[in-house]
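Peer 1: Residue numbers (the working numbering), protein chains in the order written: chain F, 4 to 205; chain H, 12 to 234.
Worth flagging that the hints you see were computed from the coordinates, not collected in a lab. Given the structure is predicted, the values throughout are model-derived calculations rather than measurements. Every residue, glycine too, gets a C-beta built ideally from N, C-alpha and C. Mixed in with the good hints, there may be bad ones.
[What the hints assert, rightly or not] Taking CB as the label site, the calculated pair distances span:
hint, chain 1, residue 1, chain 2, residue 2, range
1, F, 191, H, 57, 37 to 45 Å
2, H, 92, F, 72, 40 to 48 Å
3, F, 195, H, 92, 21 to 29 Å
4, H, 92, F, 191, 24 to 32 Å
5, H, 97, F, 87, 14 to 22 Å
6, H, 100, F, 169, 47 to 55 Å
7, H, 77, F, 175, 21 to 29 Å
8, H, 59, F, 169, 36 to 44 Å
9, H, 99, F, 48, 18 to 26 Å
10, H, 58, F, 87, 34 to 42 Å
11, H, 100, F, 171, 46 to 54 Å
12, F, 145, H, 89, 28 to 36 Å
13, H, 142, F, 8, 50 to 58 Å
[To be verified] From chain F, some residues computed to sit far from chain H (all C-beta separations above 12 Å):
hint, residue
14, 46
15, 94
16, 169
[Claimed, not checked] Residues on chain F that point at chain H, a partial pick, calculated with CB under 10 Å:
hint, residue
17, 13
18, 22
19, 182
20, 183
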Amino acid sequence: MPEADADALLVERAKLGDVRAFEMLVVKYQRRIERLISRMVRDSDLVQDIAQETFIRVYRALPQFRGESAFYTWLYRIAVNTAKKTLLDMKRDPVVLESSLHGNDENDETSRRESALSDGETPEALLASKEIALAVNAAIEALSDDLRQAITLREIEGLSYEEISELMNCPIGTVRSRIFRAREAIAARLKPLLDTPEGVRW
Amino acid sequence: MKSPANDPVNDPAVEHFPPEHPYHALSALIDGQGTALDESCRLWREDPQARQTWHMYHLIGDVMRSDELARPVAADQVLLHRVRLALDKEAVVSAPAALLSAAVPSPTPQHPSLLRRPPRWAWPAVAVLALAWVAGTLVLAPSSSPSDSASTPSLALNAGPPIQSVVQTVGVGALVRPAGMLRDLHLDELLRAHQSARGGVAVAPPGGGLWQVDHQAGSAGGQ
Numbered sequence: 004m005p006e007a008d009a010d011a012l013l014v015e016r017a018k019l020g021d022v023r024a025f026e027m028l029v030v031k032y033q034r035r036i037e038r039l040i041s042r043m044v045r046d047s048d049l050v051q052d053i054a055q056e057t058f059i060r061v062y063r064a065l066p067q068f069r070g071e072s073a074f075y076t077w078l079y080r081i082a083v084n085t086a087k088k089t090l091l092d093m094k095r096d097p098v099v100l101e102s103s104l105h106g107n108d109e110n111d112e113t114s115r116r117e118s119a120l121s122d123g124e125t126p127e128a129l130l131a132s133k134e135i136a137l138a139v140n141a142a143i144e145a146l147s148d149d150l151r152q153a154i155t156l157r158e159i160e161g162l163s164y165e166e167i168s169e170l171m172n173c174p175i176g177t178v179r180s181r182i183f184r185a186r187e188a189i190a191a192r193l194k195p196l197l198d199t200p201e202g203v204r205w
Numbered sequence: 012m013k014s015p016a017n018d019p020v021n022d023p024a025v026e027h028f029p030p031e032h033p034y035h036a037l038s039a040l041i042d043g044q045g046t047a048l049d050e051s052c053r054l055w056r057e058d059p060q061a062r063q064t065w066h067m068y069h070l071i072g073d074v075m076r077s078d079e080l081a082r083p084v085a086a087d088q089v090l091l092h093r094v095r096l097a098l099d100k101e102a103v104v105s106a107p108a109a110l111l112s113a114a115v116p117s118p119t120p121q122h123p124s125l126l127r128r129p130p131r132w133a134w135p136a137v138a139v140l141a142l143a144w145v146a147g148t149l150v151l152a153p154s155s156s157p158s159d160s161a162s163t164p165s166l167a168l169n170a171g172p173p174i175q176s177v178v179q180t181v182g183v184g185a186l187v188r189p190a191g192m193l194r195d196l197h198l199d200e201l202l203r204a205h206q207s208a209r210g211g212v213a214v215a216p217p218g219g220g221l222w223q224v225d226h227q228a229g230s231a232g233g234q
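Chain H on its own, in the form it takes in the complex:
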């Protein structure tokens, strides 16, 4: 029989055995320690032994909770292998969050200049600009149709069929929000007011850009 002195696992004096063990991170992540996430993911990607250990730690937990969950490793490996093959055919589920957050600025004043209300003296200029822009987009912008909206590039690439029957459909709008468009909240407000004043005529989405207005003005001047 082993004495504690010869058994580092059970030796109470060895509280940090072994302190530098790389799989410490796997154990910590299983227990929800966020600081272990990066290291664990790296281990999973690069180290087959770490993958086996991750499986074994979870198997241990499962068996501790229920003997029914004990099963030969082959069954687990086969399922993972099949899922892995299927995942290889899937598109990446989502655009990186860093890209998303950079493209769609937060309404909190990270960029105060974008959200600041214009000074009172600038209101007429803003109104004229908005009207000119709306006129330009109404004349030049192609009317939006269902096919247009369907072809709107989505940040969430999803190669598979929709599965509305099994998942909650929340937040889809956020996923198709066009990237790279800086919105002026005040301008949006003016557009809405203008739209209601026109009796609810649909206004094309403000994706056309101001250059279209200039182009139209130039053409009109030439006629």
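Next comes chain F alone, as it looks inside the complex:
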């Protein structure tokens, strides 16, 4: 799958000592990893602590990663194990956050308790998230058919450029260009919603 290839390229780069390439993987997977951990831990501060620890463990273990499984599979496994270990340590610790111990079914990634906010998840944050989702969906609706089809086949169906090229009956360079233009058009709508906090930079 092309996405896995992108991971492999960045992993190899990180293994050569390019820490910045590893940062690119962090940005790619941080939301999915935090969502996974939040299935096991409700305290949002703790979720972020575990996510951070996960990425550091992954970084340290990169030399042992041979690419026999997909990078994200390996990353998810480390995230689950890190979360489990944290929960276990907290159970041993007399100072335990009760809220952090609820819900520890790591396999059930799809059964989020929609009814409750995670601890630390504010209504403002929830509203901002909804606005982002709405903006992305509205931007996709506004795309031309060609651009929408190209980005959908790529992002949702996971097809390669070659496969999209065959389906859309156009050259691979055109597929690449359409997907880029679609991303740029959606990003233009998102930018006003993605203000950078003071003192924190990309």
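Could you slot chain H onto chain F? The hints should help.
Peer 2: Below, chain H without anything else, positioned relative to chain F:
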């Protein structure tokens, strides 16, 4: 409402808009295009706007797959910032592959002279050389101990604690293989045969070098 002619993003005539746009590479790398790797990594290192764009492209993909993954940018930035600070304290994970491959030659005949079997007439000389070397290393080489092996310089610098509980432990041997040692496979074979003939007595690893044999021979001659 915009007409396609005024809207370059949606204008079907503009198939390569804009052809020289630097962030084309980021989009291509997300889709697994290896040719975009170097340029994307350079952009990530040097251009904050490119970093924001990389984040945004991934956020778009995530939200397309699941609305649950939409969240304010601050949360993503804070986590990256924390990871970045933690990474600053970490050792570099690995030696450059170019160095590794140069130090440990491939068994495929890139250097055929190293792997070629010696001619038949040279066998006695090789055997004598091997025996002398083994004798020298047994006499002079310090016995290997667990502490020695623990202090073997590793190509994989890892400042953190081991995490065997969460990762598969494969290929560690390859990571601690001493660099700069050129191995003669035939000589290894002779050493193994000699070792088994001696009844399995441990032979010190061949890191001592031939100069030790010469030194010993000189000392013995003087006595």
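Peer 1: Where does the structure disagree with the numbered hints, that is, which hint numbers, in rising order?
Peer 2: Those not satisfied are hints 1, 2.
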